[in-house]
Amino acid sequence: MRELTYKDALHEALDQIMAEDDRVFLLGEDIGVYGGAFGVTGDLQEKYGKDRVVDTPISEAAITGACVGAALTGMHPVGEIMFSDFVTLSMEQLVLQASRIRFMFGGKATVPMVLRLPGGSGTGASGQHSGSYESWFIHVPGLKVVMPSTPYDAKGLLLAAIEDPNPVMFFEHKLLYRTKGPVPEEMYTIPIGKSQVVREGKDLTIIATSVMVMRSLEAAQKLAEEGIEVEIIDPRTLNPLDMEPIIASIIKTGKALVVHEAVKTGGFGAEVAGRIVESEAFAYLDAPIRRLAGLDMPIPYNRNLEYHAVPQVENIVEESRKIVQGVY
Amino acid sequence: MAKEVIMPKFGFTQEESEIIEWLKKEGETVEKGDPIATVSTDKLSMEVEAPERGILAGIRYKEGDVVLVTKIIATILQPGEVLPKKNAEPETQKIEKDEPSKPEKGIEVSATPVALHMLKDAGIDATTVQGSGAGGKITKADVKAYLSQKSTDRHGGKVAATPAARRAADEIDIDLTSIAGSGPLGRIQEKDVKAAASHIVQAIPPTIPAEAPRIPLKGMRRIIAEKMTCSAHEIPHLTLQMDIDMSDAVALREQVARQVTGKDIKFTYTALITQAAARALTRHPKLNSSLDGDEIVLLPCVHIGVAVAVEEGLMVPVVRDADKKGVYQLSNEIATLAVKARTNKLIPQDLEGATFTISNLGMYGIDRFTAIINPPQTGILAVGNIVEKFMPDAKRNPILKPIMTITLSADHRVVDGAEAAEFLQDIKTGLENAGATTV
Amino acid sequence: MEKEKLLEGELTPKDAKHLLYLMVLTRAFEENAEEMYALGKVHGTMHLSIGQEAIAAGASSAITRDDYLLNTHRGHGHFLAWGGDLNRMMAEFLGKENGYCRGRGGSMHIADIESNNLGANGIVGGNLPIAVGVGLSIKIRKTNQVVLTLFGDGAANEGAFHESLNMASIWNLPIIYLCENNLYAMSTPFDQAFKIEEISQRAVAYGIKGVTVDGNDVFAVHQAVREAAERARYGNGPTLIEAITYRWRGHSKSDRQAYRTREEVKEWMEKDPIPRFAKKIGVSDKEMEEIQERVKIDIQKAVEFAENSPEPDVSTILEGVYA
Numbered sequence: 000m001r002e003l004t005y006k007d008a009l010h011e012a013l014d015q016i017m018a019e020d021d022r023v024f025l026l027g028e029d030i031g032v033y034g035g036a037f038g039v040t041g042d043l044q045e046k047y048g049k050d051r052v053v054d055t056p057i058s059e060a061a062i063t064g065a066c067v068g069a070a071l072t073g074m075h076p077v078g079e080i081m082f083s084d085f086v087t088l089s090m091e092q093l094v095l096q097a098s099r100i101r102f103m104f105g106g107k108a109t110v111p112m113v114l115r116l117p118g119g120s121g122t123g124a125s126g127q128h129s130g131s132y133e134s135w136f137i138h139v140p141g142l143k144v145v146m147p148s149t150p151y152d153a154k155g156l157l158l159a160a161i162e163d164p165n166p167v168m169f170f171e172h173k174l175l176y177r178t179k180g181p182v183p184e185e186m187y188t189i190p191i192g193k194s195q196v197v198r199e200g201k202d203l204t205i206i207a208t209s210v211m212v213m214r215s216l217e218a219a220q221k222l223a224e225e226g227i228e229v230e231i232i233d234p235r236t237l238n239p240l241d242m243e244p245i246i247a248s249i250i251k252t253g254k255a256l257v258v259h260e261a262v263k264t265g266g267f268g269a270e271v272a273g274r275i276v277e278s279e280a281f282a283y284l285d286a287p288i289r290r291l292a293g294l295d296m297p298i299p300y301n302r303n304l305e306y307h308a309v310p311q312v313e314n315i316v317e318e319s320r321k322i323v324q325g326v327y
Numbered sequence: 000m001a002k003e004v005i006m007p008k009f010g011f012t013q014e015e016s017e018i019i020e021w022l023k024k025e026g027e028t029v030e031k032g033d034p035i036a037t038v039s040t041d042k043l044s045m046e047v048e049a050p051e052r053g054i055l056a057g058i059r060y061k062e063g064d065v066v067l068v069t070k071i072i073a074t075i076l077q078p079g080e081v082l083p084k085k086n087a088e089p090e091t092q093k094i095e096k097d098e099p100s101k102p103e104k105g106i107e108v109s110a111t112p113v114a115l116h117m118l119k120d121a122g123i124d125a126t127t128v129q130g131s132g133a134g135g136k137i138t139k140a141d142v143k144a145y146l147s148q149k150s151t152d153r154h155g156g157k158v159a160a161t162p163a164a165r166r167a168a169d170e171i172d173i174d175l176t177s178i179a180g181s182g183p184l185g186r187i188q189e190k191d192v193k194a195a196a197s198h199i200v201q202a203i204p205p206t207i208p209a210e211a212p213r214i215p216l217k218g219m220r221r222i223i224a225e226k227m228t229c230s231a232h233e234i235p236h237l238t239l240q241m242d243i244d245m246s247d248a249v250a251l252r253e254q255v256a257r258q259v260t261g262k263d264i265k266f267t268y269t270a271l272i273t274q275a276a277a278r279a280l281t282r283h284p285k286l287n288s289s290l291d292g293d294e295i296v297l298l299p300c301v302h303i304g305v306a307v308a309v310e311e312g313l314m315v316p317v318v319r320d321a322d323k324k325g326v327y328q329l330s331n332e333i334a335t336l337a338v339k340a341r342t343n344k345l346i347p348q349d350l351e352g353a354t355f356t357i358s359n360l361g362m363y364g365i366d367r368f369t370a371i372i373n374p375p376q377t378g379i380l381a382v383g384n385i386v387e388k389f390m391p392d393a394k395r396n397p398i399l400k401p402i403m404t405i406t407l408s409a410d411h412r413v414v415d416g417a418e419a420a421e422f423l424q425d426i427k428t429g430l431e432n433a434g435a436t437t438v
Numbered sequence: 000m001e002k003e004k005l006l007e008g009e010l011t012p013k014d015a016k017h018l019l020y021l022m023v024l025t026r027a028f029e030e031n032a033e034e035m036y037a038l039g040k041v042h043g044t045m046h047l048s049i050g051q052e053a054i055a056a057g058a059s060s061a062i063t064r065d066d067y068l069l070n071t072h073r074g075h076g077h078f079l080a081w082g083g084d085l086n087r088m089m090a091e092f093l094g095k096e097n098g099y100c101r102g103r104g105g106s107m108h109i110a111d112i113e114s115n116n117l118g119a120n121g122i123v124g125g126n127l128p129i130a131v132g133v134g135l136s137i138k139i140r141k142t143n144q145v146v147l148t149l150f151g152d153g154a155a156n157e158g159a160f161h162e163s164l165n166m167a168s169i170w171n172l173p174i175i176y177l178c179e180n181n182l183y184a185m186s187t188p189f190d191q192a193f194k195i196e197e198i199s200q201r202a203v204a205y206g207i208k209g210v211t212v213d214g215n216d217v218f219a220v221h222q223a224v225r226e227a228a229e230r231a232r233y234g235n236g237p238t239l240i241e242a243i244t245y246r247w248r249g250h251s252k253s254d255r256q257a258y259r260t261r262e263e264v265k266e267w268m269e270k271d272p273i274p275r276f277a278k279k280i281g282v283s284d285k286e287m288e289e290i291q292e293r294v295k296i297d298i299q300k301a302v303e304f305a306e307n308s309p310e311p312d313v314s315t316i317l318e319g320v321y322a
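Protein chains in written order, with numbering that gives the first Met the number 0: chain A, 0 to 327; chain B, 0 to 438; chain C, 0 to 322.
Same shape as in the complex, but just chain A (with noise of 0.2 Å):
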């Protein structure tokens, strides 16, 4: 299949479908003629007008509100936080209009809207451009969170969240702008709500996020030079969480290790450890459930201690392997 960085997956994904459905355009801050911060949208104003494509003055709450009004009256906004740090601006929009519009009128609206959130360390941004706050808004009911790790689930996954009539919250990160990976030419949606495995083994379950999925990958191979066998599923969608390929592979595993970039307390992990041991695998656990997330603080800006502020591909090896050898 022809390769696409996750970039370009997500920029086909918004050409084809501003092509197909006059419902949707684009607002956010220098989306138009810059071509987005990180260069997602390209050359799509140029292709689709500036009535599409809108270029707005540094307002996220306005920004987020207007993707509210818009979606309210038929239309299918899609809009970008510039760095999802600069969603701690939209929050009131975000948190007591989008996510509670439909309950609020008795389900007789509906709130068809995506936000785009590039977000995470590693490009030395530091302590206000690095941030992931994925968990803020899984404890928001009304908000789904969808969160890709590959090219081929960015392209699906923002097709289908455009295609979705709740708000959708859709990270990003930055650092997998880059990467490569096989997509589709045609539209396809993957399902939100779908857990993936995207690995196969049997000495620990590793549930990743994000960048954290390719690291996890990566961990894994040299895992498996010694001889432990891991099983990596990628959540894909943190809000509604499919639990099920989880709950199972930890019956066959005993053990649980999740990873994500966010910081610790009060992170994603802690919602999966708290279903882990809600569901039948509880019964099945043979060590405790462990997190490996971003240390509880903001982003440093050195590069080294950037480097160890979030997990990397040695400390979900190290992790591991203390959990399948019994040390916790």
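The hints are simulated quantities; they were obtained by calculation from the structure and are not laboratory data. Values in this document were obtained by computation on a predicted structure and should not be read as measured data. Where is the CB? At the ideal position from N, CA and C, for every residue including glycine. Some hints could be false.
Claimed, not checked - With a Cα cut of at most 27 Å, we get these calculated DSS-like pairs of lysine-lysine:
#1 B/K8 <-> B/K24
#2 C/K138 <-> A/K107
#3 B/K139 <-> A/K321
Said to hold, decoys possible - Simulated DEER-style distance windows between Cβ atoms:
#4 A/E225 <-> B/P284: 29 to 39 Å
#5 C/P12 <-> A/E19: 44 to 54 Å
#6 B/A435 <-> A/G226: 48 to 58 Å
#7 A/N301 <-> C/A204: 39 to 49 Å
#8 C/V320 <-> A/M0: 30 to 40 Å
#9 B/P284 <-> A/L294: 52 to 62 Å
#10 A/K193 <-> B/T428: 50 to 60 Å
#11 A/N301 <-> C/G43: 46 to 56 Å
#12 A/E317 <-> B/P375: 27 to 37 Å
#13 C/D190 <-> A/R302: 48 to 58 Å
#14 A/E225 <-> B/E14: 31 to 41 Å
#15 C/T315 <-> A/N301: 46 to 56 Å
#16 B/K24 <-> A/G226: 36 to 46 Å
#17 A/G226 <-> B/D415: 22 to 32 Å
Guided by the hints, dock chains B and C onto chain A, whose structure is given.
Using the frame of chain A, we list chains B and C on its own:
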């Protein structure tokens, strides 16, 4: 090859040990792991174990000598070996201490090296652990029990176990308090429960009278214990059972008995079964194989190990090329080997190279049983007694027939049920048509 | 309820009489609401617009029902003026299944998406960014609609106010920003929260038209909204209208009103927009009595309807969280 016995270093800061007692004498045969000497370190009395099976020779230090750690203290020789000259005399050693090191009085604790290690790792004061070994010696099991008890005590009598271990214990119906945990802080893991379950028949009842006689697990008993544990843990056992109509075999044996009365010619069922099994093995080579890493090695010859019960356990002398031998020859060979086994006259070659094992407990009145595979073999056939049973005849009317139940245990990693069943069927066909057997 | 065919052109006497009815109805609805609250029949709080009825009457009659409404938490009058059904509104007020929002939203979140009433909003200024999206949607779809966006003086000090007005102005979005300045943001008096004399002065900052009108004068509000709608429909962008009025009651039911004097309230009550409008359009006392009688019956029926309506089934509790 001669193997040197060195003064072990038991502790991090330990430099020397005093030899308290030689537990074996020169010329005595020792098994690997047998304690051969008691030595003392600062606080503990420890045992030096034989690093190899063989004959103890070349003891260099007498009791009371203080020896630097890592120095050679004796040598283990294999039969026929002589003591290398350099191993004959004590090494010169300087102990640059004013006083010879003596064990401190009052706090002497005795423990096995493994136990000591475990105590160190867990940071436990050895004096707080109750030893169950000879003379109150602390064993590995004691430390495990202590750790598990400790974690139990910490939480008001609750047992630390993983959910998987609890589920397994529930399924097998085994009490978690009777299991020592191998996990952190003595937590019981699923594998601990499974191990305990595999020993459940030998499980020691919770209250043991102090005066109960104790037989040390050593020598052959110990080897059997280790081998069987290893096999039971590592090999997924596939077991299949089959009833065999022995009418033909019984008739044949009676016929032979009539023909050869007075002559020194034997005809045993074991031999008949051995022959049937050996010939079936040539047609089912996977049962006559050995698992070597990722490969199944199909063995070129069929050598049948025939289990013989002896006083300290079980010996399995080997009948070579059993598939090529007649029943008389097999009967005689097996009888000879059994006598050698019981009179302790087997030579190592008699015990080597079996590719398959037959264990017949029929003569003990056992109707059927399941045996544990003797690795690296792939199968073992457990043979029961011949019992008269009413069986249906061709018209489904009851007819009394001599029936023998054989049970095959096979390594499931190597063979599947259908293959193993075909093998058993093959043996059955052989035995049920024993009239056609080459005598 | 008459829902269709409201005014497109100048107000006719017939139209005006209908507006008067709506104003009386709104007041009666809210007075009844207070009563029900006192009797413990209402679960939550409510924000009453008694004294501010002229704005809803004037504004709702200046645009069509093809346009959009973004309402505020103090929005009973606007909801009724937009054509909301009194019975279903009362049912929502009592949290009933056949209320506008199936009892899920209550007084603060009444919406009727089908009639382009995009709902009341409980967050001060929360609807201002949404207005941008509605305006953008109209612009992209080229439907010549406008969106009437209501907010109070308090909302004008939210950051969202700036983001919204700026975006609307740079893109010439068809938004009518109608600020109901009732002089208090909860307890905070206007002059403690604003350095400027009039909120409409802020329009200058966005390069748009700003106007301040007497919010207790139906005609003044009507006229200002009409002009704003015209500007918006012809691609000339948003307008900021400030309508000065006064809330007679507290901010919500828990308000002791320690921040203002009884005299001040009394003074404003004398400027009651209802008799003022009645007098202006020449409605006699007798006619007024008739209207009030009709309203009384309407309210009575609505209360009956609402009280006899079913409670939401708990088994449906999660419905509407996700589409």
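Comparing the hints with the structure gives:
1. Of the pairs offered as hints, the one joining B/K8 and B/K24 holds, with about 23 Å between alpha carbons and a cut-off of 27 Å not exceeded.
2. With a CA separation close to 24 Å, the supplied pair C/K138 and A/K107 stays within the 27 Å bound.
3. Proposed proximity of B/K139 and A/K321 is supported: the alpha carbons are some 23 Å apart, at most 27 Å.
4. Between A/E225 and B/P284, the C-beta spacing of about 34 Å keeps the proposed range 29 to 39 Å intact.
5. Range check, C/P12 to A/E19: Cβ separation about 53 Å, and the 44 to 54 Å hint holds.
6. Between B/A435 and A/G226 the Cβ separation comes to about 51 Å, which falls inside the hinted range of 48 to 58 Å.
7. The beta-carbon spacing between A/N301 and C/A204, approximately 42 Å, falls within the hinted interval of 39 to 49 Å.
8. Between C/V320 and A/M0 the C-beta distance comes to about 38 Å, which sits within the given range of 30 to 40 Å.
9. The supplied range of 52 to 62 Å is met by B/P284 and A/L294, whose beta-carbon atoms lie about 59 Å from each other.
10. The hinted window of 50 to 60 Å between A/K193 and B/T428 holds, with their beta carbons roughly 54 Å apart.
11. Look at A/N301 against C/G43: about 52 Å separates their beta carbons, and that is inside 46 to 56 Å.
12. Roughly 35 Å separates the CB atoms of A/E317 and B/P375, a value that falls within the hinted 27 to 37 Å.
13. Hint check: C/D190 to A/R302, Cβ distance near 54 Å, so the stated range 48 to 58 Å holds.
14. The supplied range of 31 to 41 Å is met by A/E225 and B/E14, whose beta-carbon atoms lie about 36 Å from each other.
15. Between C/T315 and A/N301, the C-beta spacing of about 54 Å keeps the proposed range 46 to 56 Å intact.
16. The hint said 36 to 46 Å for the Cβ distance between B/K24 and A/G226, and at roughly 44 Å that hint holds.
17. The beta-carbon spacing between A/G226 and B/D415, approximately 25 Å, falls within the hinted interval of 22 to 32 Å.
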